[in-house]
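Which chain is which? The protein sequence lines are V, E, H and Y, in order.
Going by the numbering used here, the first residue of the first sequence is number 1, and it counts up by one from there.
Going by the numbering used here, the first residue of the second sequence is number 299, and it counts up by one from there.
Going by the numbering used here, the first residue of the third sequence is number 623, and it counts up by one from there.
Going by the numbering used here, the first residue of the fourth sequence is number 768, and it counts up by one from there.
Hints are computed from structural coordinates only; laboratory data are not their basis.
Be aware that one or more of the hints could be misleading.
Subject to a maximum C-alpha distance of 25 Å in a straight line, what follows is the list of computed DMTMM-like cross-link-like pairs (lysine to aspartate or glutamate) [what the hints assert, rightly or not]:
| no. | chain 1 | residue 1 | chain 2 | residue 2 |
| --- | --- | --- | --- | --- |
| 1 | Y | K1098 | E | D436 |
| 2 | E | K523 | Y | D1022 |
| 3 | E | K495 | Y | E797 |
| 4 | H | K632 | E | D540 |
| 5 | Y | K989 | V | D32 |
| 6 | E | K495 | Y | E805 |
| 7 | Y | K1000 | E | D390 |
| 8 | V | K91 | V | D122 |
| 9 | E | K478 | Y | E797 |
| 10 | E | K412 | Y | E928 |
| 11 | H | K739 | E | D342 |
| 12 | Y | K1101 | E | D540 |
| 13 | E | K441 | Y | D877 |
| 14 | Y | K843 | V | D292 |
| 15 | V | K52 | Y | D877 |
| 16 | E | K412 | Y | E809 |
| 17 | H | K682 | Y | E788 |
| 18 | Y | K1098 | E | D325 |
| 19 | E | K409 | Y | E988 |
| 20 | E | K416 | Y | E899 |
| 21 | E | K411 | Y | D1022 |
Cβ-to-Cβ under 10 Å is the rule here; a few derived chain Y residues that face chain V [as the list claims (entries may be wrong)]:
| no. | residue |
| --- | --- |
| 22 | F1043 |
| 23 | T1044 |
| 24 | F1070 |
Simulated coverage check for chain E against chain Y, where a stretch passes if three residues somewhere in it have a Cβ under 8 Å from a Cβ of chain Y [as the list claims (entries may be wrong)]:
| no. | region |
| --- | --- |
| 25 | 329-339 |
| 26 | 452-462 |
| 27 | 505-514 |
Note that the coordinates shown come from a computational prediction; the quantities given were computed from them, not determined experimentally.
No residue lacks a Cβ here, since even glycine has one placed at the ideal position from N, Cα and C.
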Amino acid sequence: MCTEHKNENHECTCHTGYTLDTLIPKVGIITDIREETPDVKTFRVNAPEGGKLFEHLPGQCAMICVPGVSEGMFSITSSPTNKEYQEFSIKRCGMLTDHLHTLQVGDPITVRGPYGNNFPVDTVLKGKDLVFVAGGIGLAPLRSVINYVIDNRADYGKVDIVYGSRSADDLVQLKEIRELWMKTEGVNVHLTIDREQEGWTGNVGFVPTYLKELGESGQIEFGVNTISLVCGPPIMIKFVLAALKDMGVSKDKIYTTLELRMKCGVGKCGRCNIGSKYVCKDGPVFRCDEVDELPNEY
Amino acid sequence: MQELITRAKELLENGTVARVLGWKIGDLPYNPEPAFFETAESLDKFVYNGFCGANLSKYMIEASKLEGKTLVCLKPCDTYSFNQLLTEHRVDRDKAYIIGVGCKGKLDVEKIKKTGIKGIVSISGAEADSACDTLEIDTLYGKKSCAYGDAMLERCHVCKGKEHKIYDELIGESRDTADKERFAEVEMIEAMSPEEKFAFFQKELSKCIRCNACRNVCPACSCRKCVFDSNKFDSAQKANVDSFEEKMFHIIRAFHVAGRCTDCGECSRVCPQGIPLHLFNRKFIKDIDELYGDYTAGAEAGSLAPLTDFKMDDAEPSIVNERG
Amino acid sequence: MSVNNEFKPKIVAFCCNWCSYAGADLAGSSRLAYPADVKIIRVPCSCRVNPMFILRAFEKGADGVIICGCHPGDCHYSTGNYYARRRMTLLFSMLDYIGVEKGRARVEWVSAAEGVKFADTMNSFVSKIKDLGENVRLGDIRCKN
Amino acid sequence: MLKIAKKDLASLFALIKESGELYLPVKVAEQTNFAAYEDGAEFDLDTLKSVKSPKDVFFPQSETLYTCKNEGKTIKITPEELVDQPFVVFGMKACDVGGIEVLDRVFLSDPVDSFYAARRAHGTIVALACHEPEESCFCKVFGIDAAEPVADVATWMIGDELYWKALTEKGEALTEKVSSLLTDADEQVVENEKTAIRAIIEKLPYSDLSLEGWNGDAVAEKFDSKLWNELYKPCLACGTCTFVCPTCQCYDIKDYNTGSSVQRYRCWDSCMYSDFTMMAHGNNRTSQMQRFRQRFMHKLVYFPANNDGTYSCVGCGRCVDKCPASLNIVKVIKAFGEKGE
Chain V
1 MCTEHKNENH
11 ECTCHTGYTL
21 DTLIPKVGII
31 TDIREETPDV
41 KTFRVNAPEG
51 GKLFEHLPGQ
61 CAMICVPGVS
71 EGMFSITSSP
81 TNKEYQEFSI
91 KRCGMLTDHL
101 HTLQVGDPIT
111 VRGPYGNNFP
121 VDTVLKGKDL
131 VFVAGGIGLA
141 PLRSVINYVI
151 DNRADYGKVD
161 IVYGSRSADD
171 LVQLKEIREL
181 WMKTEGVNVH
191 LTIDREQEGW
201 TGNVGFVPTY
211 LKELGESGQI
221 EFGVNTISLV
231 CGPPIMIKFV
241 LAALKDMGVS
251 KDKIYTTLEL
261 RMKCGVGKCG
271 RCNIGSKYVC
281 KDGPVFRCDE
291 VDELPNEY
Chain E
299 MQELITRAKE
309 LLENGTVARV
319 LGWKIGDLPY
329 NPEPAFFETA
339 ESLDKFVYNG
349 FCGANLSKYM
359 IEASKLEGKT
369 LVCLKPCDTY
379 SFNQLLTEHR
389 VDRDKAYIIG
399 VGCKGKLDVE
409 KIKKTGIKGI
419 VSISGAEADS
429 ACDTLEIDTL
439 YGKKSCAYGD
449 AMLERCHVCK
459 GKEHKIYDEL
469 IGESRDTADK
479 ERFAEVEMIE
489 AMSPEEKFAF
499 FQKELSKCIR
509 CNACRNVCPA
519 CSCRKCVFDS
529 NKFDSAQKAN
539 VDSFEEKMFH
549 IIRAFHVAGR
559 CTDCGECSRV
569 CPQGIPLHLF
579 NRKFIKDIDE
589 LYGDYTAGAE
599 AGSLAPLTDF
609 KMDDAEPSIV
619 NERG
Chain H
623 MSVNNEFKPK
633 IVAFCCNWCS
643 YAGADLAGSS
653 RLAYPADVKI
663 IRVPCSCRVN
673 PMFILRAFEK
683 GADGVIICGC
693 HPGDCHYSTG
703 NYYARRRMTL
713 LFSMLDYIGV
723 EKGRARVEWV
733 SAAEGVKFAD
743 TMNSFVSKIK
753 DLGENVRLGD
763 IRCKN
Chain Y
768 MLKIAKKDLA
778 SLFALIKESG
788 ELYLPVKVAE
798 QTNFAAYEDG
808 AEFDLDTLKS
818 VKSPKDVFFP
828 QSETLYTCKN
838 EGKTIKITPE
848 ELVDQPFVVF
858 GMKACDVGGI
868 EVLDRVFLSD
878 PVDSFYAARR
888 AHGTIVALAC
898 HEPEESCFCK
908 VFGIDAAEPV
918 ADVATWMIGD
928 ELYWKALTEK
938 GEALTEKVSS
948 LLTDADEQVV
958 ENEKTAIRAI
968 IEKLPYSDLS
978 LEGWNGDAVA
988 EKFDSKLWNE
998 LYKPCLACGT
1008 CTFVCPTCQC
1018 YDIKDYNTGS
1028 SVQRYRCWDS
1038 CMYSDFTMMA
1048 HGNNRTSQMQ
1058 RFRQRFMHKL
1068 VYFPANNDGT
1078 YSCVGCGRCV
1088 DKCPASLNIV
1098 KVIKAFGEKG
1108 E
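Next comes chain V alone, as it looks inside the complex:
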């Protein structure tokens, strides 16, 4: 009966419908660790035999599992156009992330995914002007979209990036921002930090207020052809949405990514639902008017 029809990766061939279960992770190798800020590290992960563990789209996440500790959902911060590796920017803020921050280059790491939907780069965003608003570690999910847009620069209009953090050393990917983003044609980056800091020449102030100044001073126009992508701590998202509303930007022109506790990543374990939508399957990327239809339970 079935026992003879087994092939090497545990598929029961007489019922060929199953692939290896999505809950089984793949083993990857950490090939590089960059200290972004005192509490954020960017891990570069490759498959043991080189190349990427799996293909993904901008905005999608993956579940990083540490056997014996637990597993957590992190957005893949590298763009799909990058063929050699995938990167995760992880902030130290709990049991799992503490352990991840102790890993060294060359250590194994188990990853499964990709999960969730993605920013609609090939559909809604194509040919539009884009405004990226990010706060703190919120830049991680947006970075994959930004790099994707930069690699296909011709398909998109003007790009503005408003990015802020607590202090100058809390700005993630500062090197890439200065060397790549600021030098790309048609992309202007507006950095801000919350409080005055010596040696910092850029703007000082919270992201929502800075965004409003930019909007009112005309440095960023929110035309009918502009789509905003927002990601950061919930409190920042709340005030950014209010600021955008004051500047006449309608909710269906704003995308954000919600983050709730995800366990399975495939919309079955019943944990990350807001109303009838599952954040891990129907999200994490939502259009803001869709978010308003959901009951406020997040």
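With chain V held as given, fit chains E, H and Y onto it using these hints.
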């Protein structure tokens, strides 16, 4: 029961109490639910009969935080739990107006169903003030009857007595129901050989579905965050993967209330699998009585719990081996 | 039942820092032999030993657990071992009640000067556990393989 | 239509066991639960409902997903073997079969959960009609006909004979294997039994429950209703209702460190537990009211919204029987019905 309702309405209307904690009529003859009543006319749905087995003192932990007094109906065995919660400052005495309700022994519909009675439509004889001791049960499959004693909860057969330990007022008379020796079951198990004992608990605990109802209903189990709820505990409090986990869960659950458990029998009443969980708690009570002198938790508020006390000449742990 | 000598029992010993742990040191420094399968865990007082420590030790594969503390009256914290004594008596009675072999868990009062008694206790306890054989009634099968 | 005498059931079960595992209601310590049948085990077909629903056979309360072992520099992942031997589940009632269909919509939808799919593919379900439905049953409300269960094989226990009718080719294959013990039977006896059962179902107290107002797009008005604040109060936040329910699908993934390796296993979880949505920066359902509301909104509003109207309840009545505080889905539906919300 009518006297109880009118008294409750009176206290509610004259403002002595802000709410009444009792039972509301269920939609089946045997499932009244604990409920808070805030208005006099909502009290029309109040019920007190043989199926009101729930021990309401644990709800008083949250009710004590609300402003205004709460009228709570406590049966004699519930008052021991209230005293124990009082000793541990988990409830506020002046926030509670306690009416000691009479008790004729509480019923368990599972026991009625075990006698083969199905499709119950109505039950008569369970009313608080009825004196008869058989239940007339009208079912879809004809009229059936069942002796009151056969349908009674196990804890009522070993009732500690009908005297309310703490109350502001008493309403309704009680009828003595104790007809079994309290530690008979425990002694029967102690007399077994180790293999038999192990097999007995293995079989009983293999039914456990880890639903935590026994822990969440127990008035003595009132920690804000239970040790089994921490996610650092790798043998999860939800998975019944290996038979050892059930043993550890139930031993530790009983251990944490040792010396504080008032033997109110709620854990066995709510277990969906009918596991006789009181056997663990009652074993600790029996040991404490034998080794450290008779002690009834909750008999009077403020008494010193045996495990927070000691004597110079306490027995050595090796006594367990000599006792045979 | 003669136990073949391959059975290597795993013993966990909770030793109180002020008396038994010092007793163990004394036993070691005076070259007294006691089996190496005893794994000592230092605790501030015998009263620090939570019943769950003992059950988890059995769960993870221990065959015997012994709790050593100061003699009643000499406790560094004056009353620690009195409470521990009541607590352990109740726990051992419960373990016996659910059918675990008697003697698999034990309490022993060993002072800092009793290196000899510490070694003898450990030797007698290990031989007792070897008689009882492997712990199958309180273990988690997943930790067996 | 075939039949077999009640007294020969033991030999029928022994014959079925020859070609694979057999799960059926077994009485252990006076409680009936589904368990693997060993010869001589006391099977019990009279008790209407097992305490834990038979979903445990296809979606076990806990199952190991994979084991990780550190080997030198890398981690070796060995996934758990998928079920690859056929097995039979005997004695499932119509509501439990309905429960499995609800779970199919969850676990067999893309991406397929291969652990569940393997069990479903290798399992043959023999359903048993309910001879005497109980007062807590309300499967009729969810369109389930207890007199005619729809599974691989339908059986009826009438008098002291078991009537057997195969419905699918899996059922045919099983009937093939045990045909030596089955004899032909008269359809009419079964028809009378069906009408008798349906007559009783009409008289059940909950059969006329109306689900009016409960559907996929009732999210807004039901979510903000003030009724939840009164209904949740007696709830003890234990997991009984979720662990006895045949349609609850939520699970948790946890690790167990066995000392030499780490086993990652999946186990049932309950939305009633306080840490169900606990995360690094907080918990978005802190009060018991929110959890209580989530349970019934999921069964009667969210699930129908995602599954074209199918409710995630099959009216088996186990939560009605087993809730320590006598709360259940029927009282919630009635409370909203009375208030006309």
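Coverage assertion for the region 452-462 of chain E with respect to chain Y, Cβ distance below 8 Å, three residues required
violated (count 0)
Restraint status (C-alpha distance of K1098 (chain Y) to D436 (chain E) at most 25 Å):
Roughly 22 Å separates the two Cα atoms, so the pair holds.
Is K523 (chain E) within 25 Å of D1022 (chain Y), Cα to Cα?
holds, 21 Å
K495 (chain E) and E797 (chain Y): Cα distance at most 25 Å?
holds, 17 Å
If you draw a straight line from the CA of K1000 (chain Y) to the CA of D390 (chain E), is it 25 Å or shorter?
holds, 19 Å
Holds or violated: K739 (chain H) with D342 (chain E), Cα cutoff 25 Å?
violated, 73 Å
K416 (chain E) paired with E899 (chain Y) [C-alpha distance capped at 25 Å]
holds, 8 Å
Would you check the hint for K412 (chain E) and E809 (chain Y), treating anything up to 25 Å between C-alpha atoms as holding?
holds, 16 Å
Pair hint K632 (chain H) and D540 (chain E), alpha-carbon separation not exceeding 25 Å
Measuring from Cα to Cα gives roughly 21 Å; hence the hint holds.
Regarding the pair K52 (chain V) and D877 (chain Y), is the alpha-carbon distance no greater than 25 Å?
holds, 24 Å
Check whether the Cα positions of K1098 (chain Y) and D325 (chain E) lie no farther apart than 25 Å.
holds, 8 Å
Are K412 (chain E) and E928 (chain Y) close enough, with their CA atoms no more than 25 Å apart?
holds, 24 Å
Of the numbered hints given earlier, the model fails hints 5, 8, 11, 12, 13, 14, 17, 19, 21 and 26; all others are met.
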